Every structure is written in C-alpha cells, then in structure tokens.
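Q: All chains, please: the whole structure from these sequences, using the hints.
For the protein sequence lines, the chains are Y and H, in the order given.
My numbering numbers the first residue of the first sequence as 69 and each following residue consecutively.
My numbering numbers the first residue of the second sequence as 152 and each following residue consecutively.
There's no promise every hint is true.
[Unchecked claim] Every beta carbon over 12 angstroms from chain H, so not counted as near; a handful from chain Y, in silico: (1) L212; (2) F339; (3) A346; (4) G464.
[Unchecked claim] According to the in silico footprint, chain H covers these stretches of chain Y (three or more CB under 8 angstroms from chain H): (5) 257-271; (6) 531-539.
Bear in mind the hints are in silico, worked out from the structure with no lab data behind them.
Just so we're clear, the structure is a prediction, and the values are computed from it rather than from any experiment.
We put the beta carbon where it would ideally sit given N, CA and C, even for glycine.
Here's the letter readout for the chains.
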Amino acid sequence: MVLLLILFPLAMAALTYAVPSDRARPWLLPVGALAQLALVGVTVFAPRGEVSAVGDWLLLDALGKVVLSFITLLFFLCSLYAPGYLALRADRPNRIFCASLFISLSTMSLVVLSRHLGLMWVAMEATTLISAPSIYFNHNSRSLEATWKYLLIGSVGIALALFGSFFLAYSSLKAGLESTLLFDQLISHAPQLSAPWLHAAFVLLFIGYGTKMGLAPMHTWKPDAYGEAPGIVGTLLAGGVTSCAFVAILRIYQICRAGAEAEFAREIMIFMGLLSMAVAAVFMVRQRDFKRMLAYSSVEHMGILILGVGIGGAALYGALLHLINNGLTKGVLFLSAGNIHRAYGSKLTDDVSGAIRRVPVSGALFLAGFLAITGSPPFGPFISEFTIVNAAIGSGQFLAGGLFLLLLGVVFIGMGATVLAVVQGEPVEAKQPNGFRDGLSTCAPIVLLLALVLLLGLYIPPPLEGLLREAAAFLEVKR
Amino acid sequence: MLVHILDPVLIVALALNFVALGVSRIRAVITAVALQGMLLGVLPLLVHPGIGVRGIVLVVVTIAIKGFVIPAFLARAMREANIQHEVTPVLSYMSSLLLGAVGTALALVFSYTLPLADEHSDLLLVPASLATVWSGFLILTTRKKAIMQVLGYLILENGIYLFGLLLLEAMPFLVEIGILLDLFTGVFVMGIIIHHISREFSSTSTEHLAELKE
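A: This is how it looks when you write it as structure tokens:
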C-alpha cells in the first residue's frame with residue numbers, strides 16, 4: 069500500500085507523457101491527483117496503526133501522516149487550477165510540465181515515507197532535479213537564470229546534506245555500533261553516538277536541508293525561482309518541497325533529541341528561525357515585485373516553522389499546524405498573484421494597480437491571502453502563530469517570543485504596502501492588453517484554498533487535530 | 152596492505168585542487184577534475200583491498216563517470232559555447248590559492264579535533280575530504296562561467312566521496328549507487344541548462360544571468 073503511494077503518481081506521469089494532445093493532457097492532473105488523494109486518505113485513516121513496506125525503509129508514521137495528507141491535498145487543489153491555466157498558456161507545450169508535476173508528487177511522497185537517511189536523501193535530490201523543468205516552463209532568459217540558480221544552490225545544499233548524512237553514519241561507526249542509517253535504529257542508539265560527530269552532522273544536515281527549505285542566508289534561489297516559475301509551481305515549491313525539507317530536518321532533530329543534544333539543536337534553530345524572519349522582513353519592505361515578495365514571505369514562514377521547533381513544547385504542535393496553514397495560504401497568494409500577473413503582463417507595482425477593479429475576484433483573493441498570511445484573525449495562520457508565541461512566553465523564552473512578534477509586525481507593514489499598491493488605486497491598462505478576465509477555472513480553486521484557510525482559523529476538524537497531536541507527541545517522545 | 156600508498160595519492164588529489172583553483176583555462180580545470188575523479192575511483196581498492204566483485208563494479212563505474220563521461224560532456228559543452236577561459240573571476244587566482252591553502256590547513260587542524268575510529272586514526276582521508284569540499288565550494292562561489300561552477304560542484308562532490316570511503320563497508324549498495332546516479336543526473340541536468348544558456352546568450356557566462364537582483 070505504501071509502495072503504491074509512490075508508484076501510482078509515477079504511472080500517472082508515464083500516462084500523462086503518453087497523451088499526445090496538449091489540450092487534453094492537463095485534465096489528467098486533477099484526475100490523477102484525486103485518485104492519489106483517495107489512496108492517501110485510505111492509508112492514513114486505515115485502522116491498523118503504522119504501515120510499512122520494503123523492510124523498514126518505508127513507513128508511514130505519525131509525522132508522515134500529517135505531511136503526506138497535506139502535500140497530496142495541496143497538489144490536488146493546485147491540479148484543479150492547472151487545466152484553466154494551461155489552456156491560457158496554449159503557446160507552450162505542456163507535456164514535460166505535466167509529467168514532471170506527477171513525478172515530483174511521487175518523489176515528495178518518497179521523502180516523507182523514507183525511514184532511511186540515504187533513501188530520504190536520494191528522494192530529496194530527485195525532487196530538486198524534477199522541479200527544474202517546471203521552473204523553466206516559460207523558456208525565457210529570466211526563467212533560465214532562475215532555474216540555474218535553483219539547481220546550483222539546491223545541489224550544493226543537497227551535497228552538504230549528504231556530507232552530513234555521512235557524518236551521522238560515522239558517529240555510529242565510531243561508537244562501535246553496527247553502522248546503520250535507519251532512523252529507528254539511529255534514534256534508539258542515539259545516546260551512544262559520538263557527540264562531536266553528531267554535532268557536526270546536525271549542522272551540515274541543517275544547512276543542507278535548510279537550503280532546500282529556503283532558510284536565510286541560504287535562501288537566495290528562492291525569490292528568483294518563485295518569481296519566475298508559474299504560480300502553480302510556486303505553490304508546490306512553497307508548500308510541498310519545502311515541507312519535505314522540513315520533515316528531513318525534523319527527522320534529524322529527533323535523533324539529536326534522543327541523543328540528549330536537543331539544547332544544541334534548539335539554540336541553532338531559534339537563531340536561524342529568527343534570522344530568516346529578519347532577512348525576509350528587510351527584503352519585503354519596499355519590494356516592487358509582488359511575486360518576489362511572496363518568495364520572501366515563504367522565507368519568513370520557513371523561519372517561523374523552524375523557530376516553532378526550536379521553542380518546542382506546544383510550539384511544535386503550532387509549527388505543524390502552521391505548515392498546513394502556510395502552505396494553503398501560499399496557494400491562495402501564488403495563484404491569485406499569477407492571475408494578476410497575467411492580467412497586467414507585469415509583476416511590478418510600477419505597472420500594476422487597481423487589481424480589485426481589473427480582476428475583482430483575484431484581487432480580493434490576493435488581499436484576503438495577504439491578511440491571512442500576516443496572521444490576521446480569523447484565518448488559520450493566526451491560530452498557529454498564536455500557539456507558537458504562546459508557547460514561547462509560557463516557557464519563559466521572552467526574547468524569542470518578543471522578537472517573533474516584532475518581526476511579524478515589520479512584515480505586516482512591509483508586505484501591506486506592496487499588496488495595497490497592487491490591489492488599490494485606478495486600474496492601469498496592461499502594456500499589451502490581453503483581455504484576461506477572472507474565470508471559473510482560474511478562480512474556483514483559489515476560493516477553495518481560501519475557504520480551507522478560513523476553516524482552519526475557526527475550527528480544526530477532530531481527525532486533523534488528532535493527527536497533529538500524534539505527530540507532535542511522536543516528535544517529542546524520548547526513545 | 153596498500154594503505155601506505157594511500158596518503159601520496161591523497162596528496163596528489165589535494166594538489167589537483169590547487170590546479171583547479173589557480174588556472175583560468177577551463178580545459179585545464181576539466182583535466183584536473185577528470186584526473187582527480189580517476190584517482191578517487193581507484194581509492195576503494197587501497198582502503199578496502201578485499202572488496203570483492205561489487206566493489207570492483209563500483210570502482211569501474213566511478214572511474215568511467217568521474218574520469219570520462221562527465222569530463223567529455225563538459226568539454227563538449229565548452230566547445231559548443233566556444234569559451235576557453237574564465238575571464239573575470241570574482242576572486243583573483245592568487246587569492247583563491249591563498250584561501251584554498253588556508254582552508255586546507257584549517258581542515259587538518261579541525262580533523263584532529265574529531266575523534267576517529269581506531270582503524271582510521273592515522274589516515275589523511277578526513278582532512279583531505281574537508282579540504283576538497285572547501286576548494287570546490289570556493290570555485291563554485293567565485294567563478295562566473297557556468298562550466299566552472301559545475302566543475303566546482305564536482306570537486307565538492309569529490310570531497311564528500313572521499314569521506315564516504317570511510318563508510319564503504321558499512322553503507323548499503325543502494326546509497327552508493329544513489330550517489331553516483333545523482334552525480335550523473337545532476338551534471339546531466341546542469342549540462343542541459345548550460346546548453347540552453349549558451350543558446351540564449353551565445354556564451355555560458357552567468358554574468359548574463361544578472362537580471363534577477365534586489
């Protein structure tokens with residue numbers, strides 16, 4: 069069953085690739101995504117607890133359940149947007165684009181399901197490589213530059229993660245243990261692991277996977293890649309790939325925790341989390357390019373996730389909830405920004421204003437997405453950010469909590485200026501008017517995403533609550 | 152035991168780092184990286200003399216990919232783009248060499264602070280690995296030609312591979328092949344991108360890739 073979760077999207081990729089028509093092909097995306105969503109649902113809520121396959125290498129554990137369900141749901145919602153979008157982009161062939169989306173769904177699932185350090189690394193590398201063609205979808209010099217930076221920086225990050233994985237393996241070799249890269253064994257052996265090697269391994273793995281997550285100062289690929297990629301790819305990168313990298317970091321953190329090195333890891337995480345928020349805040353103020361602004365917002369929220377883990381306790385639950393809230397809200401923002409970009413033929417605030425009159429639905433969604441992502445009630449991110457701040461104050465970490473609130477305020481102001489410049493004012497005419505109007509196919513998926521964000525702000529469904537609690541407990545447990 | 156010729160081989164591999172750091176002719180750097188790849192490919196035989204058929208296959212595949220396939224690929228990309236030199240590196244060759252030397256010295260010092268398993272305690276592998284990673288990183292970040300950046304990445308990978316040798320016996324086959332596969336696909340995809348860069352700009356300098364900035 070677990071194996072099927074990886075093989076089915078691959079089969080869909082092959083099928084998609086085989087379909088000859090550029091117009092019919094995109095419809096396979098929602099169909100395949102819905103089937104995968106059903107598969108994941110059945111597996112996650114199966115009565116038997118943990119499901120494993122291929123020896124102990126693949127396992128759907130409590131953390132995996134949360135992240136896998138979320139990634140699949142996000143992929144499904146994005147796939148609803150794809151046919152409408154690709155119909156507008158009939159100028160570009162979409163065979164490779166559609167197939168690589170399915171392959172990336174498969175590799176992302178593999179990252180989450182891996183219980184083996186090496187396998188997880190291979191899957192993460194595959195995710196990096198397979199995203200490159202979709203970033204290059206527009207085939208112009210700017211998207212080429214973005215793809216180049218993405219590949220180069222991503223590959224270096226992944227190389228460092230491999231180096232860290234070797235260090236971790238060596239720490240068990242040094243301890244005279246039978247060398248293993250399975251997480252369960254690493255966690256149970258963690259107290260005996262050689263501390264200097266474990267420290268070095270954590271730093272390298274954190275930098276390596278942190279690069280993939282887009283934490284400052286390794287975030288420099290992000291504005292370019294998110295800025296140039298189609299909105300749908302931006303969503304999947306910001307919600308899916310980064311979540312995978314976050315899972316990888318959590319797995320390593322779990323080993324450190326079991327090895328009584330949690331303090332060491334948490335100090336690094338609190339620092340890096342706040343640094344990412346600060347860097348993002350600086351670059352978001354006076355940002356003229358609203359898609360790049362979203363990329364910096366992603367840097368900020370990756371910082372929040374890592375900070376949440378660093379603070380620990382209830383903040384861990386908050387971070388997991390925020391993973392979902394942030395991903396869904398990023399979907400609202402990237403897709404509505406994509407519509408606005410299309411309507412004006414520009415993504416600079418110099419050329420874009422009055423979006424709420426030119427494309428009323430997309431403009432309103434963009435504005436609502438902004439309010440949600442900056443933590444305004446009653447949207448989901450407010451709840452998760454509040455949980456994190458509450459945990460920080462409750463556990464006496466006033467400095468981290470205070471800086472967190474301060475930076476959220478700066479981001480709100482910085483981001484607000486750009487968003488309002490886009491949404492308000494007199495609508496300017498596009499340089500090359502293209503007659504783009506809001507339509508059902510390009511707006512309905514975004515409304516759905518926003519509805520979920522709103523729902524999570526008002527009411528967390530008990531099954532989700534249960535999964536989140538289990539995952540947080542799973543990460544906190546000392547084995 | 153062939154361990155006693157291990158250190159001289161590693162020193163040659165380190166010397167090749169400095170060649171790569173100090174010359175501007177891309178052809179020469181490709182040759183240096185190819186040579187380093189071949190040397191590294193042979194190393195498993197020196198570290199673990201009795202590695203059996205599986206090990207021999209790994210050695211042959213490593214030498215083929217690192218020593219021949221990738222260099223040939225890059226040499227072709229270089230000819231297609233018609234460039235021979237890294238013209239204006241961010242960091243001068245002298246400073247690159249100097250920083251490389253400092254990094255190598257620090258790698259030696261740092262690796263003494265790391266506790267090694269008894270059977271590895273007198274090997275140069277760990278400092279050589281750290282120094283090579285550092286050199287690769289330096290080239291990657293301070294050169295502007297796309298091919299040079301890929302070469303830097305390859306040197307960085309070589310450094311990581313050196314460390315992997317310590318774990319050769321303990322690590323499963325899949326991981327090793329994964330490394331080689333990723334190395335190949337990584338460079339393969341980068342090769343495709345380089346091809347697009349040269350078509351788009353008729354040169355593979357990433358200097359043209361400077362539209363996206365703050």
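Q: In ascending order, which of the hints set out earlier in this document are inconsistent with the structure?
A: 1 and 6
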